[in-house]
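2 protein chains.
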Amino acid sequence: MPAAVAVVGRTRKCEVVPVSTAESRNTAPGDRPARTGEDALRLPVEVPSTALFTDHYELTMLQAALRAGTADRPCVFEVFTRKLPEGRRYGVLAGVGRVLDAVEHFRFEPAQLDHLRTHGVVDEATLDYLAGYRFSGDILGYPEGEVYFPGSPVLRVEGTFAECVLLETVILSILNHDSAIAAAASRMSSAAAGRPLIEMGARRTHELAAVAASRAAYIGGFTTTSDLAAGFRYAIPTTGTSAHAFTLLHDNERDAFEAQVAALGRDTTLLVDTYDVREAVRTAVEVAGPELGAVRIDSGDLLLVAHRVRDQLDRLGARDTRIVVTSDLDEYAIASLAAAPVDAYGVGTQLVTGSGHPTCSMVYKLVARARSTEPGAPLEPVAKKSLGGKTSLGGRKWAARRRDAEGVAEAEVVGTGPVPAELAEAQLLVELVRDGEVVGREPMDVARERHAAARAALPLSATQLSKGEPVIPTEYLAPRTG
Amino acid sequence: MPAAVAVVGRTRKCEVVPVSTAESRNTAPGDRPARTGEDALRLPVEVPSTALFTDHYELTMLQAALRAGTADRPCVFEVFTRKLPEGRRYGVLAGVGRVLDAVEHFRFEPAQLDHLRTHGVVDEATLDYLAGYRFSGDILGYPEGEVYFPGSPVLRVEGTFAECVLLETVILSILNHDSAIAAAASRMSSAAAGRPLIEMGARRTHELAAVAASRAAYIGGFTTTSDLAAGFRYAIPTTGTSAHAFTLLHDNERDAFEAQVAALGRDTTLLVDTYDVREAVRTAVEVAGPELGAVRIDSGDLLLVAHRVRDQLDRLGARDTRIVVTSDLDEYAIASLAAAPVDAYGVGTQLVTGSGHPTCSMVYKLVARARSTEPGAPLEPVAKKSLGGKTSLGGRKWAARRRDAEGVAEAEVVGTGPVPAELAEAQLLVELVRDGEVVGREPMDVARERHAAARAALPLSATQLSKGEPVIPTEYLAPRTG
Chain A
1 MPAAVAVVGR TRKCEVVPVS TAESRNTAPG DRPARTGEDA LRLPVEVPST ALFTDHYELT
61 MLQAALRAGT ADRPCVFEVF TRKLPEGRRY GVLAGVGRVL DAVEHFRFEP AQLDHLRTHG
121 VVDEATLDYL AGYRFSGDIL GYPEGEVYFP GSPVLRVEGT FAECVLLETV ILSILNHDSA
181 IAAAASRMSS AAAGRPLIEM GARRTHELAA VAASRAAYIG GFTTTSDLAA GFRYAIPTTG
241 TSAHAFTLLH DNERDAFEAQ VAALGRDTTL LVDTYDVREA VRTAVEVAGP ELGAVRIDSG
301 DLLLVAHRVR DQLDRLGARD TRIVVTSDLD EYAIASLAAA PVDAYGVGTQ LVTGSGHPTC
361 SMVYKLVARA RSTEPGAPLE PVAKKSLGGK TSLGGRKWAA RRRDAEGVAE AEVVGTGPVP
421 AELAEAQLLV ELVRDGEVVG REPMDVARER HAAARAALPL SATQLSKGEP VIPTEYLAPR
481 TG
Chain B
1 MPAAVAVVGR TRKCEVVPVS TAESRNTAPG DRPARTGEDA LRLPVEVPST ALFTDHYELT
61 MLQAALRAGT ADRPCVFEVF TRKLPEGRRY GVLAGVGRVL DAVEHFRFEP AQLDHLRTHG
121 VVDEATLDYL AGYRFSGDIL GYPEGEVYFP GSPVLRVEGT FAECVLLETV ILSILNHDSA
181 IAAAASRMSS AAAGRPLIEM GARRTHELAA VAASRAAYIG GFTTTSDLAA GFRYAIPTTG
241 TSAHAFTLLH DNERDAFEAQ VAALGRDTTL LVDTYDVREA VRTAVEVAGP ELGAVRIDSG
301 DLLLVAHRVR DQLDRLGARD TRIVVTSDLD EYAIASLAAA PVDAYGVGTQ LVTGSGHPTC
361 SMVYKLVARA RSTEPGAPLE PVAKKSLGGK TSLGGRKWAA RRRDAEGVAE AEVVGTGPVP
421 AELAEAQLLV ELVRDGEVVG REPMDVARER HAAARAALPL SATQLSKGEP VIPTEYLAPR
481 TG
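Residue numbers (full-length UniProt numbering), protein chains in the order written: chain A, 1 to 482; chain B, 1 to 482.
These aren't lab readings, by the way, just hints derived from the structure by calculation. Backbone N, C-alpha and C define an ideal beta-carbon position, used for all residues, glycine too. Wrong hints could be hidden among the right ones.
Straight-line C-alpha distance at most 30 Å; calculated DSBU-like pairs for lysine-lysine [unchecked claim]:
#1 Lys83/A / Lys385/A
#2 Lys467/A / Lys385/B
#3 Lys83/A / Lys467/A
#4 Lys83/A / Lys467/B
#5 Lys83/B / Lys467/B
#6 Lys385/B / Lys83/B
#7 Lys83/B / Lys467/A
Covered stretches of chain A (in silico footprint by chain B; criterion: 3 or more residues with CB under 8 Å from a CB of chain B, positions within the stretch not fixed) [to be verified]:
#8 56 to 66
#9 70 to 82
#10 159 to 170
#11 344 to 353
#12 358 to 371
#13 377 to 384
#14 402 to 416
Please work from the sequences and hints to get the whole structure.
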């Protein structure tokens with residue numbers, strides 16, 4: 001069995017991709033159900049483990065709690081943010097589907113355990129616990145694409161201290177990254193007002209962060225991506241035609257355009273700003289005819305150039321030829337081009353860096369725990385209390401969005417007691433994991449549509465790009481005592 | 001052969017991790033030589049391909065060039081940045097080791113080719129080319145950890161258009177991300193002036209970006225990381241003890257401290273700001289004795305609190321107990337604590353987001369190409385020429401750093417002609433890949449030491465944190481004509 005032996009100890013920290021290519025055919029964009037390696041491949045070592053995307057201290061806390069006998073205390077952890085990035089009106093939750101994958105694949109492989117042992121990270125009793133680790137608790141949360149506000153309990157993780165504390169780092173990594181991208185995407189898509197948005201930021205961020213960014217951008221309203229890995233992993237439609245290098249490779253611009261049209265057809269997009277835009281547009285229409293699909297402008301004063309190019313195209317009879325612009329765009333630049341004859345926007349840097357806010361400030365906090373592992377031991381609220389601004393509200397929380405008579409959101413209501421009857425139907429948390437089994441998986445298009453609907457139900461000022469307060473307040477409802 | 005069959009078509013987009021755990025033992029931090037899957041595992045489908053970390057348009061350009069007969073023209077592409085992030089005095093090149101891994105694993109798997117075919121990304125002739133793709137050219141570049149300036153040709157990729165153009169996206173992803181983190185790390189490590197820096201930003205960025213960020217931070221001068229995956233992959237020392245959740249889990253702070261000291265020893269770091277810092281410090285020393293390793297402060301006015309805690313520890317006889325601070329630090333906060341009795345800094349968000357600049361603006365540009373594939377056809381400089389600021393300098397470039405009599409850098413000299421004799425020994429580009437074979441791999445500690453030396457050889461103003469111009473100018477030397 002040389003093959004099997006060779007595979008032992010080889011573990012990769014990565015995302016799962018479709019096991020058979022049939023799965024990637026003709027499917028709508030979406031998270032494909034992750035499979036456990038055991039079931040799919042009958043090779044236990046082939047599970048793409050997420051267990052080491054974890055801070056060292058989660059394991060030392062576990063060791064200390066195991067020894068103290070407190071590791072099995074029932075606990076509730078919640079993910080929330082104390083504030084939105086400066087000036088933002090709403091947040092967009094993304095990454096939930098990836099969190100479910102990560103929880104499902106959170107298993108310590110022999111090679112990982114060996115590493116922890118060799119480096120003395122934790123003791124043998126803790127390694128034994130890790131070797132058998134499977135999350136067996138419950139996770140509820142806001143569904144993916146939903147908007148959120150300061151204090152929104154976007155994820156609630158319940159189980160023993162041991163099983164919950166280990167998930168902190170990877171859950172925060174995913175939600176903080178993906179939600180930052182989705183928030184930028186949402187602002188850009190609302191500024192684009194229906195015009196297609198192409199995600200093309202792969203080159204501006206880590207190569208795997210780029211794949212997650214494409215996914216988050218799609219949920220936030222983007223249409224396509226340049227990133228082939230995102231097409232492969234998430235079935236997001238990919239697009240692209242050529243760069244300046246292609247024009248420069250050839251002896252002249254006409255040769256380049258002819259080569260491209262010969263290979264990709266008249267419906268292709270020709271890049272017209274390598275030398276002189278006016279001359280390039282003329283050459284482009286000469287080469288491709290008025291059936292030319294589109295021209296792309298990647299530099300200069302886009303507003304001015306777009307108008308000139310539109311005029312020129314129209315005069316050349318290329319009335320259906322579209323204009324794509326792609327130079328350092330952000331939501332403000334997109335908004336400023338609303339009146340320009342632009343047919344699509346390509347966005348890179350500012351999207352994958354969250355348009356000034358590359359991460360959210362979500363935290364994962366213990367909000368309640370029992371004092372014993374006796375069945376029926378009550379969950380008691382807990383919270384950090386020292387001065388310095390990092391306080392938070394203890395207790396297991398529910399959340400609901402209160403709407404006015406027209407259905408417009410007017411408050412995020414977060415509470416720790418019973419849910420008032422009038423808010424029962426407006427609750428936000430849904431079941432994602434029950435008794436360790438993922439129950440909340442859904443296609444990406446559902447999250448994308450949910451986001452569009454949730455944003456549309458916010459007060460109109462939500463889509464103002466200028467800095468401001470969260471568009472609705474967060475109200476806390478404590479249980480009535482006496 | 002059920003196992004082998006099951007593995008077919010399963011491909012992961014990921015980093016390579018050590019094949020045997022023996023490799024991860026007792027090694028200094030470093031990039032382990034990547035192996036190709038074929039050699040190591042005898043399972044061709046097990047190669048962790050990086051080929052889809054690629055923009056769609058790289059492949060359509062390839063298709064058009066193949067059809068036009070220009071795909072095999074000899075080309076030179078260069079990576080450079082037109083400017084540093086606003087106010088930064090120098091850039092730090094990181095990710096070179098990861099680029100070498102990515103180039104080595106840039107191979108299109110059957111499942112990936114099927115995906116491209118099914119989605120009509122490129123035609124059969126192009127798929128044939130991709131199926132046999134191996135980079136066979138040369139790559140030269142600044143060695144990892146070196147500083148760079150606007151116009152520095154940090155990487156030069158030479159080969160046919162076809163083989164070079166495909167590498168654009170993944171090379172830029174890696175260098176733009178990793179260099180952004182290393183630049184922030186370098187500023188923080190110079191502000192820390194020798195005090196240890198702990199990287200703890202995993203939860204604030206994509207889970208795999210976090211691993212690369214730990215690596216870049218180490219090169220930029222950080223000491224340890226909280227990220228177990230970074231320890232596993234790159235052998236960076238990991239550290240961590242406990243969070244507020246651990247204190248809150250227990251019935252009171254004393255119980256928590258006792259549990260931690262019992263499990264982790266007196267030399268552990270106790271977190272003292274869950275309730276009242278003064279009381280916590282007293283309890284900590286009562287529980288652990290004066291041998292207590294450290295206390296951590298994660299909120300409040302760190303300067304004030306650190307002084308008070310130091311006084312209190314000293315009065316309690318815990319003179320060797322260290323103080324670790326970890327609350328939203330950046331290079332400015334670190335500098336402001338220079339006079340405080342702080343023994344180590346933990347940095348998260350601001351490190352992994354590049355301290356305001358989460359990406360660099362490196363581009364990958366065709367700078368020279370031959371007009372034919374005839375042997376000896378001359379390489380001609382090419383460059384985009386249209387108005388709008390995105391122009392660049394054509395021609396294959398060398399680079400050297402001119403120094404004054406004391407060895408202090410005074411200019412980055414970039415040229416396209418022969419290298420002046422007086423700069424021959426000061427050249428910056430080194431061989432990384434020769435005829436497709438990686439020749440430039442090195443341990444991470446070499447890059448880390450190189451960075452410290454390169455920064456030390458800059459004018460003193462390089463380490464000013466205030467905004468300013470690049471600390472040395474970039475001079476262009478064109479070949480003398482006539």
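> Which numbered hints does this structure break?
Replying inline: 2 and 14
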